[in-house]
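Protein chains in written order, with my numbering: chain C, 21 to 296; chain L, 675 to 919; chain A, 19 to 262; chain W, 19 to 262; chain H, 26 to 246.
Keep in mind the hints are simulated off the structure, nothing from the lab. Please read these numbers as outputs of a predicted model, since none were measured by experiment. No residue lacks a Cβ here, since even glycine has one placed at the ideal position from N, Cα and C. Some hints could be false.
[Claimed, not checked] Here are a few chain A residues that face chain W, going by a calculated C-beta distance under 10 Å:
no., residue
1, Gly55
2, Pro86
3, Ser183
4, Met189
5, Ile259
[As the list claims (entries may be wrong)] Computed list of lysine-lysine pairs in DSS-like fashion (alpha-carbon distance at most 25 Å, straight line):
no., chain 1, residue 1, chain 2, residue 2
6, W, Lys150, W, Lys92
7, C, Lys78, C, Lys50
8, C, Lys68, C, Lys247
9, H, Lys75, C, Lys50
10, A, Lys253, W, Lys219
11, C, Lys247, C, Lys235
12, W, Lys219, W, Lys150
13, C, Lys25, C, Lys169
14, C, Lys143, L, Lys776
15, A, Lys219, W, Lys150
16, H, Lys144, W, Lys122
17, H, Lys144, W, Lys92
18, L, Lys776, C, Lys129
19, W, Lys258, A, Lys218
20, W, Lys253, W, Lys219
21, C, Lys68, C, Lys229
22, W, Lys219, A, Lys258
23, H, Lys44, W, Lys73
24, A, Lys219, W, Lys253
25, L, Lys776, C, Lys61
26, C, Lys229, C, Lys69
27, A, Lys148, A, Lys137
28, W, Lys218, A, Lys258
29, C, Lys229, C, Lys25
30, H, Lys44, C, Lys78
31, A, Lys258, W, Lys258
32, C, Lys27, C, Lys269
33, W, Lys73, W, Lys92
34, W, Lys87, H, Lys75
35, W, Lys150, H, Lys144
36, C, Lys269, C, Lys129
37, C, Lys206, L, Lys776
38, W, Lys218, W, Lys43
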Amino acid sequence: DTLSKIKETGTVTMGVRESSGLSYTLGDGKYVGYHIDVCQKVISDIRKKLGLSSLTIKYQPVTSQNRIPLVQNGTVDIECGSTTNNLARQKDVAFAVTTYVEEVRTAVKADSGISSISQLAGKTIATTTGTTSVQTLRKHERANGIDFKEVFGKDHADSFLLLESGRADAFVMDGSILAKNIATSKNPAGFKIVGEVLSVEPIAIMLRKDDPAFKAAVDDSIKAQIKSGELAKTYDKWFLQPIPPTNAKIGLPLSGATKAAWANPNDKPMEDYAKR
Amino acid sequence: MTWDWQIFCTETVTGEVLPGCFGRGGDITYLDWLLSAWGWTLSVSALALVVALFFGSLVGILRTTPDRRLVFFGNAWTELFRNIPLLVQIFLWYHVLPSLFKPLQAFPSFVLVVFALGFFTSARISEQVRAGIQSLPRGQRYAGLAMGLTLPQTYRYVLLPMAFRIIVPPLTSEAMNIIKNSSVAFAVSIAELTMFALQAGEETSRNIEMYLAVTVLYFISAFTINRVAQFIENRVRVPGMIGGK
Amino acid sequence: MIQINNVSKWYGSFQVLTDCTTSIKKGEVVVVCGPSGSGKSTLIKTVNALEPFQKGDISVDGISLSDPKTNLPKLRARVGMVFQHFELFPHLSVTENLTLAQIKVLGRSVDEAKARGLKMLERVGLTVHKDKYPGQLSGGQQQRVAIARALSMDPIVMLFDEPTSALDPEMVGEVLDVMVQLAHEGMTMMCVTHEMGFAKKVSHRVIFMDHGKIVEDCTKDDFFGDPDARSVRAKDFLSKILSH
Amino acid sequence: MIQINNVSKWYGSFQVLTDCTTSIKKGEVVVVCGPSGSGKSTLIKTVNALEPFQKGDISVDGISLSDPKTNLPKLRARVGMVFQHFELFPHLSVTENLTLAQIKVLGRSVDEAKARGLKMLERVGLTVHKDKYPGQLSGGQQQRVAIARALSMDPIVMLFDEPTSALDPEMVGEVLDVMVQLAHEGMTMMCVTHEMGFAKKVSHRVIFMDHGKIVEDCTKDDFFGDPDARSVRAKDFLSKILSH
Amino acid sequence: MNLDFSFFTPDVVSSFIVKGLLFSLQLTLFAMIGGIVLGTLLALMRLSGKPWLVTPAAAYVNTMRSVPLVMVILWFFLLIPLLLGRPLGAELSAFVTFTLFEAAYYSEIMRAGIQSVPKGQVYAGYAMGMNYRQTMQLVVLPQAFRNMLPVLLTQTIILFQDTSLVYAIGAYDLLKGFEIAGKNFNRPVETYLVAAVVYFVICFGLSMLVRRMQARIAIIR
Ligand SMILES: Nc1ncnc2c1ncn2[C@@H]1O[C@H](COP(=O)(O)OP(=O)(O)OP(=O)(O)O)[C@@H](O)[C@H]1O
Ligand SMILES: Nc1ncnc2c1ncn2[C@@H]1O[C@H](COP(=O)(O)OP(=O)(O)OP(=O)(O)O)[C@@H](O)[C@H]1O
Ligand SMILES: [Mg+2]
Ligand SMILES: [Mg+2]
């Protein structure tokens with residue numbers, strides 16, 4: 021199992037993302053972000069628990085396509101990107117307790133006059149290929165009988181560019197990503213996040229399935245971080261203070277949903293949130 | 675590792691498994707989606723191939739003419755389009771050029787990607803066409819001209835029929851490459867196979883199954899091209915010459 | 019028929035032809051010989067403007083090649099040319115080889131072109147091979163088809179560039195026979211060849227070239243009959259060619 | 019020196035050689051001639067096992083080719099061969115062409131090989147070209163280098179496959195001169211050639227082939243002196259070759 | 026369009042771009058050498074005339090050429106650990122996959138190159154007493170390689186551009202360097218423009234270099 025493997029080899033492989041809201045690279049093999057800070061704390065707790073004097077962390081960049089297989093086949097021990105905990109994935113992998121609750125929102129140009137998703141009928145909406153937002157949008161379209169044109173960027177920067185260049189009227193995506201893109205854009209005042217929350221997704225650290233001891237160790241560390249207020253400090257550092265490399269402020273205050281998840285640590289999948 | 679092939683019979687919004695695997699009345703299963711994605715891949719590839727053959731042949735021919743300026747133009751075209759990665763070219767076509775030339779904004783992304791992929795491939799085809807023409811004995815050109823054919827007629831009736839026969843094999847490779855390279859179309863929002871794999875994999879968490887299905891379809895497409903080209907090669911083989919030359 | 023006046027030609031800075039002057043009358047058969055690289059092929063190709071030249075002038079049947087108003091393809095259609103390596107079009111059958119230019123250049127109907135082509139094919143004795151492809155014929159046969167192809171355009175003059183030097187020795191004869199017959203019929207001919215037997219038999223004049231210059235231009239009898247009156251180079255060349 | 023006994027060879031179902039039998043003694047010069055496609059090249063290539071054959075046997079210097087224990091590369095190293103298209107190695111300089119096989123096959127030292135190679139190069143009169151590449155030489159020069167290359171392996175017999183037929187007529191002489199000299203020095207030679215002058219001058223015997231069969235195998239004097247005693251095919255061939 | 030290249034500081038270049046460039050170059054060089062060696066072996070197998078060598082070589086080449094490279098990369102990366110029982114790093118995985126994949130393409134080129142050498146050259150080699158290996162190594166392959174140099178180069182330029190496909194397994198190449206810099210600073214247009222220029226300069230320079238080299242080693246005919 022993972023704990024004894026870590027003890028034996030003295031290394032742990034952390035799955036990281038090159039550019040997501042919670043985990044990104046500064047180049048040169050440096051990876052930073054909210055989730056990475058959380059994971060590093062978790063790993064140092066595990067090191068103490070295993071009584072090791074040192075523990076090497078190897079960073080393995082993952083993509084949304086290969087992160088699950090990589091956790092399954094043992095390449096990655098602890099995935100600290102920004103992975104949504106849902107039922108389908110729970111068949112293949114395990115999740116630690118939720119560390120952040122993402123809300124899917126809509127970004128528009130500030131002067132567009134759009135303030136709600138219902139105003140988007142017949143308009144063009146951008147979102148990013150390979151994200152759950154695409155499906156969210158489809159569901160929304162079906163449920164409310166609204167018909168909008170969709171364009172798909174190959175990554176978030178692309179999608180934001182579609183909004184910026186006027187090819188799309190709105191960009192539907194995780195709130196943290198929208199906020200970050202707006203904050204780092206050439207004209208942050210030119211965009212705003214509007215409208216209702218289209219979907220709520222618990223984001224959690226992903227682990228190998230059927231390794232309860234390891235999951236317990238990770239969960240305990242996170243719960244301890246919540247209790248000591250350290251997690252809130254980490255949140256503040258990444259969402260409210262200037263962050264590298266541009267020193268922009270994302271400016272996304274702690275949401276009620278995230279607060280609730282911390283108050284009552286759990287690893288419930290996304291589907292449970294939707295039911296409420 | 676467990677396989678879950680039922681995933682293809684699942685409706686893409688509700689997540690229900692539909693009997694018969696094909697959706698009806700607005701319902702769409704992943705299988706429906708997969709097939710339509712295949713259709714997009716084939717359409718992008720086929721049209722891009724037409725563009726690539728047209729421009730590639732034209733530019734390749736220009737590079738073998740006696741006119742220095744035409745040769746320079748042909749060389750510049752080839753170097754420009756083959757030395758920048760396709761993905762970057764697509765980005766430039768889609769995001770950069772339209773903001774410089776407003777009229778380009780009116781073109782749907784499908785048209786842009788067909789031209790981007792077509793031009794990229796045309797650079798390589800022009801190399802082959804040029805090599806094919808230059809591999810013919812010089813005397814063939816002289817013979818055509820000596821009989822009073824004009825230069826265009828010499829190309830049309832003497833040089834090109836042989837040159838194209840000679841380059842059928844490398845052209846086949848290019849046609850197969852175009853199918854594979856068409857995957858970049860996902861970057862400009864065309865719902866082709868690669869986008870399907872990315873998106874459906876994310877939605878269902880069955881990446882392996884999706885990739886397997888898509889890989890098989892790519893393989894079938896490219897292999898069909900290979901067979902068709904082989905058939906053409908045999909059909910145009912000139913009696914009395916080895917290897918269809 | 020053909021007037022070549024002070025023609026010079028350069029490839030870059032390398033001079034291939036230097037101040038060549040000669041003329042060929044109607045019905046005359048002229049053999050051009052000389053060492054390899056002496057410019058024979060280049061000279062004969064300038065006659066129908068396949069190779070451009072930088073100085074001097076050439077006129078064929080009174081039409082100047084350097085006149086920008088001259089329609090070169092039209093002029094070339096009236097000059098038959100036969101190459102060392104035959105240069106039949108390998109993707110076309112023998113009949114198609116014979117008719118292509120008649121149809122596309124002279125604007126003849128397919129039937130007319132076919133009739134004319136087959137007549138010429140008969141003349142070179144290859145009617146039975148009309149549906150074959152060049153690759154299916156021997157070298158001698160291919161060269162005879164090439165001659166028939168040139169003849170079917172009703173040329174006023176025929177140019178030959180070493181028509182037998184790529185042939186097996188056995189087949190040289192059959193091609194030379196056709197050429198001898200043509201000469202006897204009064205065709206104006208300019209032949210680059212090393213077949214001195216042919217030159218002795220039918221030519222009226224022999225031109226000897228060396229280093230891009232016309233070194234000798236005299237009657238056949240002078241050329242072969244009186245080698246000692248020839249330039250050193252020509253004498254040396256003749257002795258080499260005729261020795262074995 | 020060379021024994022060819024009842025050799026037959028097929029390409030698939032097409033029989034190229036039918037029951038060929040002949041032998042060549044030490045110091046003998048034998049010329050092989052015949053129409054194109056009659057199997058001359060094939061026969062000469064079977065002698066050093068470049069082409070396998072299905073029936074019969076060949077032995078060179080007493081060593082049988084069909085014996086599976088025979089080390090063919092070693093045998094070939096002792097048989098010199100000269101090809102129609104020279105087949106010098108175009109990516110190697112003249113000196114490298116001369117020394118490559120000496121070093122790699124005979125295991126000579128570089129210096130030894132060079133000394134031997136240059137000696138042979140001197141013999142064909144091309145010492146000044148030792149650092150050039152084949153592409154920088156004329157055809158005649160290339161063929162002489164090819165002969166020097168074969169000689170530098172100290173062969174016990176030399177095979178020639180139409181060594182002059184790809185040459186400009188001017189250059190034929192220089193190659194034939196080298197061959198004549200070799201013959202006079204007593205080298206055992208088997209030459210496919212159409213140069214009847216050479217055959218008349220130095221050969222001891224002439225073999226005439228047609229359709230894969232050895233049709234005539236007689237002394238030079240019988241072959242040229244008494245054509246009427248020859249087969250129809252050989253007589254016809256001789257007349258065609260000698261006519262022009 | 027207002028462009029803002031101000032974020033392109035030496036620091037950004039050294040931390041984002043250089044690492045990717047080095048990896049791309051390493052991968053290209055490694056896969057080129059490995060691919061040509063393996064491809065030459067495959068080509069020799071296909072030309073051997075022995076069915077038990079021809080069939081597997083042909084099957085290998087045709088399969089590889091019919092599947093998109095990115096799929097091969099992914100499959101190799103995902104499945105090999107399941108077979109070996111231990112993970113292979115992204116980098117190592119990329120090196121192996123690219124070599125195996127490019128070998129299929131190089132083998133087609135080398136096959137054409139070998140066939141472009143006149144049969145007489147092989148005969149000449151044998152006639153001088155060389156064995157098969159010596160004839161290939163000393164006579165045929167040097168010529169095939171020189172004849173095919175331009176085509177090998179074109180394929181290598183494609184290979185260099187294709188290194189960007191390692192994105193699929195999270196390795197970090199030149200294009201990825203530009204993309205990440207673009208995302209981090211939210212300046213995709215500017216970074217892609219620079220990427221286009223950089224790629225053009227490298228690839229065009231490479232082809233110029235080889236053209237020059239070719240003039241030096243080309244066979245004088
Ligand atoms: N395209 C070219 N560029 C540069 N030099 C050339 C070109 N074509 C021919 N030459 C040179 O021009 C000279 C004359 O060539 P030409 O072919 O007319 O000779 P030739 O007398 O016909 O020789 P051969 O008997 O070998 O056919 C030669 O030295 C040749 O190398
Ligand atoms: N690899 C091959 N496969 C099939 N047939 C062949 C092959 N090589 C030669 N032949 C045939 O074998 C016959 C004899 O060929 P060979 O080359 O020995 O003739 P040759 O007498 O040397 O003719 P030439 O004077 O043209 O060189 C020819 O009919 C030829 O077409
Ligand atoms: Mg010439
Ligand atoms: Mg032969």
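W/Lys150 paired with H/Lys144 [C-alpha distance capped at 25 Å]: Between W/Lys150 and H/Lys144 the Cα gap is close to 23 Å, so the pair holds against 25 Å.
Are W/Lys219 and A/Lys258 close enough, with their CA atoms no more than 25 Å apart? Given that 25 Å is the threshold and the Cα spacing comes to 17 Å, the pair holds.
For the pair supplied as a hint, C/Lys78 and C/Lys50, confirm whether the alpha-carbon distance does not exceed 25 Å. Answer holds: C/Lys78 to C/Lys50 is near 11 Å, not above 25 Å.
Check the hint pairing W/Lys87 with H/Lys75 against an upper bound of 25 Å on the C-alpha distance. Status holds; Cα separation ~22 Å.
For a C-alpha distance cap of 25 Å, please report whether W/Lys258 and A/Lys218 respect it. With Cα atoms ~18 Å apart, W/Lys258 and A/Lys218 stay inside 25 Å; holds.
Satisfaction of hint between C/Lys269 and C/Lys27, Cα-Cα up to 25 Å: The given pair, whose Cα atoms are some 39 Å apart, is violated under the 25 Å limit.
Does C/Lys25 sit within 25 Å of C/Lys229, going by the straight-line distance between their CA atoms? Roughly 15 Å between the alpha carbons, so the hint for C/Lys229 and C/Lys25 holds.
With a cut-off of 25 Å on the C-alpha distance, tell me whether W/Lys150 and W/Lys92 pass. violated, 29 Å
Pair hint outcome, C/Lys206 versus L/Lys776 [Cα-Cα no greater than 25 Å]: holds, 21 Å
Pair hint C/Lys143 and L/Lys776, alpha-carbon separation not exceeding 25 Å: Satisfied, since the Cα-Cα distance of roughly 20 Å is no more than 25 Å.
Can the restraint linking A/Lys253 and W/Lys219 be considered satisfied, given a maximum Cα separation of 25 Å? holds, 24 Å
Are the Cα positions of A/Lys219 and W/Lys150 separated by 25 Å at most? violated, 42 Å
Checked against the numbered hints given earlier, the structure breaks hints 2, 6, 9, 12, 13, 15, 23, 25 and 32 and satisfies all the rest.
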